[in-house]
Structure formats: structure tokens, C-alpha cells
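Chains A and B supply the protein sequences, listed in that same order.
Quick note, in the numbering used here, the first sequence goes up one by one and the last residue is 199.
Quick note, in the numbering used here, the second sequence goes up one by one and the last residue is 383.
Source of the hints: derived by calculation from the structure; they are not laboratory data.
All values derive from a computational prediction rather than experimental measurement.
Possibly wrong hints are sitting among the right ones.
Said to hold, decoys possible - Listed below are several chain A residues computed to face chain B (Cβ distance under 8 Å; list not exhaustive):
no. : residue
1   : Gly-37
2   : Thr-41
3   : Ser-42
4   : Val-44
5   : Phe-45
6   : Asn-48
7   : Met-53
8   : Ala-59
9   : Leu-60
10  : Thr-61
11  : Tyr-64
12  : Val-106
13  : Ile-107
14  : Ala-111
C-beta atoms are modelled at their ideal positions from N, C-alpha and C, and glycine is treated no differently.
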Amino acid sequence: MKTPYKRKVYWNEPTLTLWERAYLPEILRGLIITSRVFLRNMKKWMTGKKGALTTYYPEETRFDYAPLNRGKHVLTQRPDGKPQCIACNMCATVCPAKVIEIEAGFDPSDAAHPKYPIRFEIDYSRCVFCGLCVEACPEDAIRMAKETPGLPSDDRRQMWLTLDEMLTWQPQSDVAKPYPTAGARSAQGGAR
Amino acid sequence: MTQDLIVYLIFIAYGVGVLMTFGTLLTWVERKQAAVMSDRIGANRAYVRIPFTQFKLIWWGLFHGIADGIKMLVKEDFKPRTYDWYAYAVAPWVVFAPVLLVFGVIPFGGLLDPGRLFPSLAAWFGGRTYPMQIAQLDAGLLIVFAFSGMTIIGAMLAGWASANKFSLLGGLRAGSQMISYELVMGLTVLGLILIFGTVDLGSMVRQQSGTVLGFLPAWGVVYQPFAALLFMTAAIAENKRIPFDLPEAESELIAGYYTEYSAMKMGLFMFAEFIEIAIVGALFTTMFLGGYNLPYMNDSGLALPGGYAIAMSHGAVVVTQLVVFLVKVMIVCSFQILVRWTLPRFRYDQVLKFAWKFMLPLALANLCLTAVLVWSHQGAPL
Chain A
8 MKTPYKRKVY
18 WNEPTLTLWE
28 RAYLPEILRG
38 LIITSRVFLR
48 NMKKWMTGKK
58 GALTTYYPEE
68 TRFDYAPLNR
78 GKHVLTQRPD
88 GKPQCIACNM
98 CATVCPAKVI
108 EIEAGFDPSD
118 AAHPKYPIRF
128 EIDYSRCVFC
138 GLCVEACPED
148 AIRMAKETPG
158 LPSDDRRQMW
168 LTLDEMLTWQ
178 PQSDVAKPYP
188 TAGARSAQGG
198 AR
Chain B
2 MTQDLIVYLI
12 FIAYGVGVLM
22 TFGTLLTWVE
32 RKQAAVMSDR
42 IGANRAYVRI
52 PFTQFKLIWW
62 GLFHGIADGI
72 KMLVKEDFKP
82 RTYDWYAYAV
92 APWVVFAPVL
102 LVFGVIPFGG
112 LLDPGRLFPS
122 LAAWFGGRTY
132 PMQIAQLDAG
142 LLIVFAFSGM
152 TIIGAMLAGW
162 ASANKFSLLG
172 GLRAGSQMIS
182 YELVMGLTVL
192 GLILIFGTVD
202 LGSMVRQQSG
212 TVLGFLPAWG
222 VVYQPFAALL
232 FMTAAIAENK
242 RIPFDLPEAE
252 SELIAGYYTE
262 YSAMKMGLFM
272 FAEFIEIAIV
282 GALFTTMFLG
292 GYNLPYMNDS
302 GLALPGGYAI
312 AMSHGAVVVT
322 QLVVFLVKVM
332 IVCSFQILVR
342 WTLPRFRYDQ
352 VLKFAWKFML
362 PLALANLCLT
372 AVLVWSHQGA
382 PL
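Only chain B is shown next, with the shape it has when bound in the complex (with noise of 0.2 Å):
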């Protein structure tokens, strides 16, 4: 027992770390991102000094985001007068908590034999073998979904108690757009679960690990590519970004839900936001991109087409798989940061619309064509 609760805790530190990471890191990567695409330069005047020299980290503004934590902590906190100011304080931290335990069912790397890895220590694990996920749940998918609706409720709360009229309409603009490409989210990873036949991400991961037609990586982008799409566009709006971001227009409605917030309740909103970037990442990886696979590579070495095979120790394919992993998240969310600069925001009813007259109707074809698909094959293979 003792080592399972040693190995699930290093699990969760690495699970906070990453996401914690990916958020400050994420800031800084839209800014650079956002510069180098539009012919600037980018944030580059933060520095670290070191004590007693004058010789000054730089290191291509990495350390923007510290500055900006650091400036959102000694702010001046702003307690606007409100009739509810205990959901006016809460509000900040329902947005931020569910984001964080989303990342609690997501397979970030393969199958881990502690015994293997560090053989003196081989006696005492008695051969106990961890799958690199947070929480083994047979409903992954669904708590992923039960914990990103509610953030819907944190949006909306900060909306109705800041006691101000552009948050009450950004709060109303978040729930009703959030409401609407919730169901669209659903629709699409419907057809995955068709085709997967579980919502157990890591039983989903481990089923795209092998190849297609002999030489296509198994992955649900191969068997859904439209299905991707809708997904990557739900998700983008349910994080409520550009071109979606109409619960906190700014030519509008100033700042949407978090008008009245100021300092770090304001920083938590942010920080929420950009982890839920890295959190769609994970998911679209998970799902999508074949999780922490990489192509032809199995839990024992690579199997490159051809019948070649390259023998890795253990060590070395956990390490793969972790490093894939997170490229493939960091590969997403570089895609989320460039659409959130190329296309300019939609009109309120055009979200609308878009979602319930658009995605909707096209995630529902989509699951019928899946739903026909897989019953014709059933029992052979797809």
C-alpha cells in the first residue's frame, strides 16, 4: 500500500507540475507566438539578475511569466460592494479547481514498473506495475466532461455576484455559449466511443497504440478526422477564446464575468484559462493524437514497418512516452494560440447559431455515419 501512495503521490506532483508549468510557460508562448507570426518581436525585457553581479538572464522573456505572477499577487485587491460576496469569492476558484482535477484521468505515459526501473528496489514493489494516470477510472470520459461543466457554474457566479452589469452579461453570454458547445463536445467523442467501445482514456490510449492499413498510426484522428475538427472547435469555444470569446469582449463588455475581479482572484481566472488550454491539449492528444504513443513504438521498442524491430529498456520507453506526450500537448495548444490569432471574433448570434445550427447538426451526422460504420463491421475489425 505503502508504495502505491508513493508512486500515485509523485503522480500527482507531475500531473500539478505540468499543468502549472504549461500555465505560466503558455503565456508567455501566446505573446512570443503571437509577435513572431505578426513580424514583432515579442516580450523579451524580463529578466532575472543574479545577486551580486551584474549579469542578467534574459533568456527570450522567459521569465514574463513570473513577472506576471508576481504582479497579479501584490496588486491591490479590489472588494467591489456586493450582496453576495461570498459567491463573489468563490467564484475563482470553481472556475480553477475542475480544471485542474480534468488532468486527474489522463494517461500521460504507458504502463510503469517501478521494479524494472530501479531493480534494487525490485523486492519491495513485488512486481506492482502503475499505468502513468492519476485515477484508473472506468468513467474517464464522463468526469472529464461532469468537471469542465462546471466551470460553466464558476463563470456564471462570478457573473451574477460582482453586482455589475457588463459581468452579469458576460456571465449570461458564458452560460448560454458554454451550455450550447458542451453538447457539441459530447456528440463528437461519441463517435470515438463507438469506435473504442469504452470511456476509459487509458484503455482508449491503449487501443491507438497499433497501425492501420499497415502503416497509418492507429489513432482517432485517423478513424475521425471530421470528428477532430468539431471537437477542436467546440473545445477552443468552450474555453471561451478568440474567435469564441464573447463572455469577455472586451470592446463590449470591458472585461465579461471578470470585470469586478482585480490582483490574483483575477490572476486565477487567467491562470484557469491558459490551463485549460494545455487541459484541450491533453484531451485532443488523449483522444485524438494517439496519447502518449508514438507511432510504431509499443511498451517494449520500437516496430517499424517492415518487420524491424528496435529492443528499448523500460527506462527509456517511459521517458519516450512521457517527452511524447507532452510535445504532442504542446504541439495542441501551439495550434489553439495560432487560430486565436488568425480569426477575428464572431457576432453573439453567429456563436449561437454556429453551434446549434452548424456543429450540431454536423456532429450528429457524424455519430450516424459512425453508429452505421461500426455496426456493418461488427465483430470484424475496423
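This is chain A alone, in the form it adopts within the complex (with noise of 0.2 Å):
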């Protein structure tokens, strides 16, 4: 014979008190609780302050971002100003969304870079922010800052950026790759 269903007893079951179980007085109790938050804040928006936690982006942005927050892309330049692409489409090709687009230049009076970008444009209404172009780059040239990019707009089309934007890099000291200075490297030049 089948043994009629009986309810499990957990180890982590609530006991209640009379006072809880009476219902209505907890009832109250939260009423009280969620009204003193909605007066607090209210309080605030009164007297001019913010009664909120959020942030109203894109009007305000947090201070906050993590350091390795993958915000908006940044070209990195040369010392003579120049972007350190070259042009090789391999953020592009491993892209996941397909958003990098790269028209590559060439340029024979700089022999050591001789393809450089003419245009590099990222469509932020489809970038889906997962850092894979910064790891395909092989000269350091793509990064991403922990800043997130001025996104919202009326307009999709009006969401790429473009090279001038991008190129924004103005580091006096970089740990991952030290610069040469402009002058050390026509020495350099020089001496070869």
C-alpha cells in the first residue's frame, strides 16, 4: 500500500513566534519600514538633494568603475603620434560581433610601419564589450578603459566611432610597454 505523502521537516525550518504568527503586527512592521524609506528619500528630493543610490546615466557617471573595467576602446599612439595599428584585421576577424571595421593605408616613408589605419571604426550599438580584440592585437595597438563610452543615442547609426575618437591614448608613463621618447628613438634611427 502506497504510504500517504508526508511533509519534510527541514533542519533550517522557521519557527515563529505568537507574535510573528499573529501576522498582522509583522505586516505593519513592513509597511512602517518601506513608508520611513519612501519619506527619507522623499525628504531628500525636497531639499535638493539625491534620494536615490542609482546613478541617472548618461547625465551622471559613476566614479567608481573597476580598473579593469572594459569600458570604451582606446587606440595606443607612438610617440610621433601616430596610431600603433597596423592595420593587420586580426581585432576584426576575431571580433564575435563583427563591429570593427579597418580601411588599411600604406604609407613607404615610415619603413618600419609601412600599413597603417585609414579609418578604424567600432559600431558601439553591437560591441558587446568582451575585450577579445585587446587580446588578438599583436602590438599593443587596441586597448580598453575603464570609462564606458558615451552610448545612448536617438540615432544607431550615429553610435560608430571613429578613429579621432579613439585615439585619445596620452600616457607619460606606460608599465606594460615603455615608450621610447621622440628624440631617443631618432637617435636610435640614427644609429642604425
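Take each chain as given, in its own frame, and dock them per the hints.
Right under this line is the structure:
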């Protein structure tokens, strides 16, 4: 014969006091808590202070992004200000969202890096911020800053970031890759 | 006769206007209040740009209600292949119309004397006065229950005619829940009927204009505090809002009985729900919070305890009464929203158990006690 279902007693079965089982006092306590928060925040709003923890993005941005946050892309530069990018298209190839478009140019005057990007554009309406482009780059030409890009826009065609907007990397000293100064570099070139 | 027609048309326009405004506004109030309660900012993106300028009116996101309405109107009106298309199409209206009609018997102001308000029209009105209420029916409260009972039919019709099992389950739940709480609601109000000796809401409010014990306003909540609590609970359950939103429990039933509705048909259900918040607020105000009565105020002016009296003009009295009524309704609405964003949802068996095993005996006990008290005070003022 099938045994009737017996409810299992759990080890962390909550035990309610008589006061809690009376139900109504606890309901009232909950209502008081929420209305107290409401009144506190309302008072802040009324007196011109901010009564919320959330950030009013994009008008406000948070100051406490993690150092390794994958935010806006930046293109690193050589000391003479040209992009470090050699237009090898590896980032565009590895990109899972296929948002990077590069048009390569040829500069015979720069013998060390004759290939350079004429156009380097990223579609931020589709970027997934995975950071694979940074991983793939052989030249350490693309990195991600911790700040978020100014994403919100009314028009998705306006959400392309161009070369000029990404060439904002102005390091005084870069730990990952020490740069020779412009003078030292020409001296090196002269020696060679 | 023409005078009556004009006055009542104005009353009807006022009533419909108030309800529509509340319906639109409460969608915003609900979101904003919930946001402030949980340390968020809330809806604040919709704006109206003044044409030919870059000047945007944001007004704390007040236009979100309008944006929602426009969205509902222009969305695709999806039509499921159902065996009972007529019932499917008519169900939102069966829910929506009675909610509006209930307001017809609720007094939203005291006695209006157009002749005194506009002396130039005094001769034309010939001393006629009008209680500010769309329909002065002796059966006021019965009408309220009759009409709010009709919304059950709408919910069940929607659940049945959608040809969807989630809808059917939602309609089933809505039916049993609303019928159970309708009963509790009726029983809680019976105590008030015993005390005031009438079901006419206008006369009920007029009896609440005085004071008890010299200083307390003679509101229903003073006579029947317990019934007020039970009524509020039953009314929230009747309106199917959290913590009693079992008929539309998203995690179980998608959207309950209006799963298959889209565009403005769904909008009507939502709008009916928000208007019903206002209606519950108006009913609670009328029966328990003294309606349009400001404490210590009568039709001629203020009468403060201690014998001070300040005379007010008729226009000032009318405006004060209208505003007091709206403010009270707004406070009750805000309380309902507070409840909705504080309490978690019940389990379905708990909802029905709560109605039949907890609220019903309490309402009956309250009724018995009230009956005994009224009987022992027979003839004497309470």
C-alpha cells in the first residue's frame, strides 16, 4: 500500500513566535519600514539632494569603475602621435560581433610600419565588450579604458566610434610598454 | 429641467475627467513611488518638446502615462484564433465599464447652490441646489457592489474566450478569488450600514460631518476601525493587486487572463485596474474617511472645537470640499501602492484560506459586535 505523503521537516525550518504568527503586526512593521524609506528619500529630493543610489546615466557617470573594467576602446599611439595599429585586421577577425571595420593605407615614408589604418571604426550599437580585440592585437594597439563610452543616442547610425575619437591615449609613462621618447627614437634610427 | 441637465452633465464630465486623470496619473505615481521606496530614481525619460524649439518639458517624467497610452494605441492588435471571438472582444469592456459606473453614486462634494455661486444666474436656477454626486440613489452601496461584481464576469470571460490554458487558469483564479473577497467586502460594510442606518452614500457622508466626543471627526474609521482594515484588505484582493495578484501571477501564468490580449485591449485591462485603485480610494474615503468633509468644517464654514467659527463663502466651501475629497482619495491610492510594493505574493491556497478562514469569521464577528452595540444604544446617539 502506498504510504501517504508526509511533509518533510527541514533542518532550517523557520520557527515563528506567536507575535510573528499573528501576521498583522509584522505586516505593519514592513509597511512602516518601506514608508520610512519613502519619506526619507522624499525629504532628500525635496531639499534638493539626491534620494537615490542609482546613477542618472548618461548625465551622471560613476566614479568607481573597477580598474580592469572593459569600457571604451582606445588606440595607443607612437611617440609621434600616429596610431600604433598596423591594420592587420586581427581584431576585426576575432570580433564575435563583427563590429570593427578597418581600412588599411600604405605609407612608404615610414619604413618600419608602412601599413597603417586610414579608417578604424567600431559600431558601439553592437559591441559586446568582450575584450577579444585587445587579446588578439599583436601590437598592443587597442586597449579598453575603464570609462564607459557615451553610448546613449537616438540614432544607431550615430553610434560608430571613429579613429580620432579613439586616439585619446596620452600616457606619460606606460607600465605595460615603455616608450622611447621621440628624440631617443630618432637617435636610435640614426645609429642604425 | 435644462438647469438640471447642464449641472449633471458638468458632474458627469467632472467624474469621468477625474477617473481618467487618476488612471493615467497612477501609472506614473506607482512607478515613481516604487522607485523612491527602493532608492531608485524611477520613470523620468519621457518628455514633450515644445515645437520649433529645443525646450523639453520633462516634469519628473509625468508624461510617461501619455507615452504608455500612445504605445498601447499604436501597437499591433494581435487576434488569437479563438472559438468565441465576440466574448474575447467584449471582455475588456465588461471589465472597464462597470469600474467607471461605480463612481456615479459616490459623492465628491457637498451641496452645490449654483445661484449663490454665480449670482447672475440666480434667477434662472431659482434656488435649486444639487448634492455633488452624479446619481443620488437610495441604493448607493448596493449599486457599488452590483457593478463591481460585474467585473468578475469580464475577467472570467477573458480567461475563457482566449483559448489559452494560462488564460483559463487565470480566469478561474480571478473568479474564485473575487467572489470570495466580494463576500468579505460586503460583510465589512454591513457594520457601517447598521451604524448609519442607510445604504445611500450621500447620506452616509453627511452623517460623518460632525464630531464624536467633541474632538474626533465622526468618520466611519472611528466607529469601525476594524472594518476599515478588513475592507481595505478585501478591496486590494478584489482589485487583484499584489499581494493578491494570483490571477495574473507572471511567474506562473504569464499574464493570467489577459495573456492573449495586446494593444489597447490589454491597455483597457490595465487602465481598469488603475481606475479601480482610484475607485477603491473613493469608496474608502466615502465610507471610512468622511468623504469630502474636512474635520470641523460644515457647509457654512469652519467650526473649530472650543466654539470658534470662521465663516466661508459658498464658492470657497465647494472648492475646499472638492479638493479635500481628491486629496483623501490620493492618500488612499498611495497607501495601496505602498502595500503593493511592500508585501510578497500569497500562494493560491493561502489566498482562499485567508478569505474564508480568517477574514470571513473576523468580518462576521465585527458585524455581530456592531449589531449588539447598535441594539444596546437603540435610540440614543452612539
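Comparing the hints with the structure gives:
1. Gly-37: This hint holds: Gly-37 of chain A lies near chain B, its Cβ roughly 5 Å from the closest one there, short of 8 Å.
2. Thr-41: With a closest approach of 4 Å, the Thr-41 of chain A hint holds.
3. Ser-42: holds, 6 Å
4. Val-44: Cβ of Val-44 of chain A sits 6 Å from chain B, so the hint holds.
5. Phe-45: holds, 5 Å
6. Asn-48: It holds, given that the least Cβ distance between Asn-48 of chain A and chain B is near 5 Å, below 8 Å.
7. Met-53: Violated. Min distance 11 Å.
8. Ala-59: Where the cut-off is 8 Å and the nearest Cβ of chain B is about 5 Å from Ala-59 of chain A, the hint holds.
9. Leu-60: holds, 4 Å
10. Thr-61: holds, 5 Å
11. Tyr-64: Since the shortest Cβ distance to chain B is 10 Å, the answer is violated.
12. Val-106: violated, 26 Å
13. Ile-107: violated, 31 Å
14. Ala-111: Violated: closest Cβ of chain B sits about 41 Å from Ala-111 of chain A, beyond 8 Å.
In summary, the numbered hints that this structure violates are 7, 11, 12, 13 and 14.
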